[in-house]
Amino acid sequence: MKAAVLRQIGDLRVEEVDTPQCGRGEVLIRVESCGICRTDLKMYREGQRDLRLPRILGHEVTGTVVEVGHEVRGVFEGDRIQVAPGFSCGRCRFCLQGMFNICDNISILGFDHDGGFSDYLLLPEEAVRSGCLNPIPSNLSFNEATLAEPVACCINGLERAGVNVGDTALIIGGGVIGNIFYHLLRLTGASRVFVVETSPNRREFMRKNRIEALESVESVQEEVDILIPACSDPSALIEGMKMVKKRGKVILFSGSSPSPHPMVLDPNLIHYNELLLTGAYGCTQLQNRKALWLMAEGGLDLGYLITDRVPLHRILDGLRMVEEKRGMKVVVG
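Residue numbers (the UniProt record's numbering): 1 to 333.
Please keep in mind that the hints were generated in silico from the structure rather than gathered at the bench.
Just so it is clear, CB atoms sit at the ideal spot from N, CA and C, and this is done for glycine as well.
Mixed in with the good hints there might be a few duds.
As the list claims (entries may be wrong) - Derived CB-CB ranges, DEER-like:
1) Gly303 - Glu323: 19 to 29 Å
2) Gly279 - Ser199: 24 to 34 Å
3) Gly279 - Asp308: 28 to 38 Å
4) Arg93 - Gly303: 32 to 42 Å
5) Gly78 - Gly47: 35 to 45 Å
Modelling step: build the complete structure from the supplied sequences, incorporating the hints.
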């Protein structure tokens with residue numbers, strides 16, 4: 001089969017590899033679609049904390065079941081599935097509390113387990129056992145269902161912080177994640193949601209999809225209850241925190257890019273205003289299922305975000321599109 005293998009940082013090759021064989025407790029799927037995340041770009045360009053090389057990248061995966069191993073229950077050939085990418089152990093202190101995304105022994109698709117930029121994907125016994133195979137509702141396409149994982153990550157961030165009806169929010173960054181957070185906040189009952197995006201093209205894209213984005217944080221005329229820096233620029237956190245009300249909340253969702261000029265977080269701002277800062281990394285299997293339900297039945301219409309689709313052999317073109325911020329979500333398949 002064909003697969004996009006990251007041999008070392010900056011060396012991603014589409015090459016012929018052995019098609020995996022399905023064993024006991026495992027499930028083999030034919031990959032139909034796999035979204036390109038900015039984390040994939042980061043892995044390709046500079047690496048990532050949880051990345052183990054060589055690796056087939058891709059963690060926003062949908063596909064069709066083509067083979068089911070012995071002792072697997074509830075999964076059948078022909079099933080359309082979305083894969084929650086974190087395979088948790090179910091035994092550690094975090095799993096026992098339902099915090100499967102921060103499992104001490106987690107294995108992550110496309111990070112330390114081969115991912116979905118390939119013709120076929122073998123899901124190991126721990127993925128099947130931990131409930132990572134989610135049926136795709138009939139009214140969602142394979143392309144649309146690739147968005148379930150980023151939606152689930154955003155759900156995790158909002159659940160970590162806690163959102164109250166009537167809250168106001170500021171999102172800095174109008175990419176895929178910023179758009180998803182906008183719609184989730186409105187569904188959750190936020191009264192006003194401000195989005196700041198510096199790119200004129202992205203502001204115009206959002207305007208065409210009924211979201212009025214602002215050019216700068218200074219354009220926001222009121223303090224907010226919740227701040228979400230939905231980009232890797234550390235200044236988004238530093239400047240955005242000045243707009244948060246007393247006892248407001250900050251969701252640290254995006255990892256920060258290295259900066260030649262270190263940004264200093266003002267601890268007095270946190271102390272005197274009693275701000276709550278919470279990290280959010282990844283998502284649980286349940287949050288992936290919730291994301292699919294919201295997109296299928298709960299009024300979360302995100303199909304407009306998928307602007308481009310490239311075949312596997314053009315994955316480097318897809319990564320360049322993400323890097324240059326051409327379009328929004330690029331899907332391989």
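Evaluation of the provided hints:
no. : hint                        : in the structure
1   : Gly303 - Glu323: 19 to 29 Å : holds, 23 Å
2   : Gly279 - Ser199: 24 to 34 Å : holds, 26 Å
3   : Gly279 - Asp308: 28 to 38 Å : holds, 31 Å
4   : Arg93 - Gly303: 32 to 42 Å  : holds, 39 Å
5   : Gly78 - Gly47: 35 to 45 Å   : holds, 38 Å
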